[in-house]
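**Student:** Could you slot chain B onto chain A? The hints should help.
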Amino acid sequence: MAATGKSFGVAALVLWAASLAVGGASALAADKATEELAPRCLGTDPNAPVVMEVFSDFQCPACRRFYLEVARPVMADYAMKGRVCVVYHEFPLNSHEHAREAARYSVAAGLLGQQDWIKVTDALYVYQPQWSVNGRLEAVVAQVLSQEKMAEVKKRMEDPKLETQIDREIALGRQLGVRATPTVFIQANGKTERIPPGVQYPILRRYLDTLLAQAQ
Amino acid sequence: MTLKVFQLVCRLVLGGLFLYAGFTKLYPAEHRLLFEIAVSSYQLLPVPVVIIVAQVLPWVEITLGILLIVGWKLRYFATFAALLLGAFIAAMGITYARGIEADCGCFGLGEPISPLTLLRDSGVLAIALFLAVYAWRKESAAVSRAS
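First to last, the protein sequences are chains A and B.
For the first sequence, position 30 matches number 30 in our numbering, and the numbering has no gaps at all.
For the second sequence, position 39 matches number 39 in our numbering, and the numbering has no gaps at all.
Just chain A, same shape as in the assembly (with noise of 0.2 angstroms):
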């Protein structure tokens, strides 16, 4: 496997923002209780003119698709330049039968620290196809992290709070209309939209830059 080959940017950072203020009518602002565990803002500046929020579920195709063709390149283009702050949410379906194990080892990846965030994630993604079937997440988050953080987040995984954010997020989605995933949400200038998920890259960068352009 070579999801760490495949992560984007060693130097991608993730913010864990419990202190982040976006503004607007923002739904971060309505997940005050998550504060604790959930890994918020991936970028370098918590306070981008521009949020988008990504409601996804491991085991979904169109999931992987947009987290591959489209979050990827706007965390790397945009969130790691500090225009654009992503947040991911936990919506795993009761329809996959693996989908809430990896929402867990996500969050607890997220606990140890922004890269291993994205490693994990990453590895989630790419190897979707496979761990959908045979259902080995495990040797899947263990190809991307050292043992000693493997053993950590196995760890954290136990902690029943971890179950708890990830019920959180799901109401959380839930409050904001979600009903199918992904579901993407890019709030700027004091306006929220809902983006559909098979927007092409290319297209939502047009976007992206208008929305920046008039944040100036």
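Hints in this document: simulated from the structure, not taken from any laboratory.
Heads up, the beta-carbon is just placed ideally off N, CA and C, and yes, glycines get one too.
Don't take every hint at face value.
[What the hints assert, rightly or not] Derived, one-sided and incomplete: chain A residues facing chain B with beta-carbon distance under 8 angstroms:
#, residue
1, Gly190
2, Glu193
3, Pro196
4, Val199
**Tutor:** Positioned in the frame of chain A, the structure of chain B alone reads:
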């Protein structure tokens, strides 16, 4: 006479729908890029074509709407409207069948493609087909009378 009134109603309804559809894609201004995103979400066209379609289509719809309401060269423009609607329904059907969650982009934004949107657009297509058939028959009847 009844048919004449009915075709007038159909022209006004179809023309009005096209006008409304075009305007909602252009105004407010941010809808232009959101419509581009909607077209892109179908994942049927390459990016440069998505941009062209998103920029041209609203104006085509507005022009077509006006022409249908006015009734000028109805047989041609009703036929064009039917073909356009057929293309929309085909694109929506293909995208829906592929399991892609795309935004319809039909009348305004934020409406995912669903059986309901397909059914609604099929109803609009039926109106366009009726107008096209009506206008072509009327034309051929006029030609027969003249000869």
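**Student:** Against each hint, give a clear statement of whether it holds in the structure.
**Tutor:** For each hint, the structure was consulted:
1. The beta carbon of Gly190 of chain A comes no nearer than 12 angstroms to any beta carbon in chain B, farther than 8 angstroms, and the hint placing it at the interface is violated.
2. Below 8 angstroms, beta-carbon pairs count as interface contacts, and Glu193 of chain A has one with chain B at about 6 angstroms; its hint therefore holds.
3. This hint holds: Pro196 of chain A has a C-beta 4 angstroms from the nearest C-beta of chain B, less than the 8 angstroms allowed.
4. Because the closest C-beta pair between Val199 of chain A and chain B is about 5 angstroms apart, less than 8 angstroms, the hint holds.
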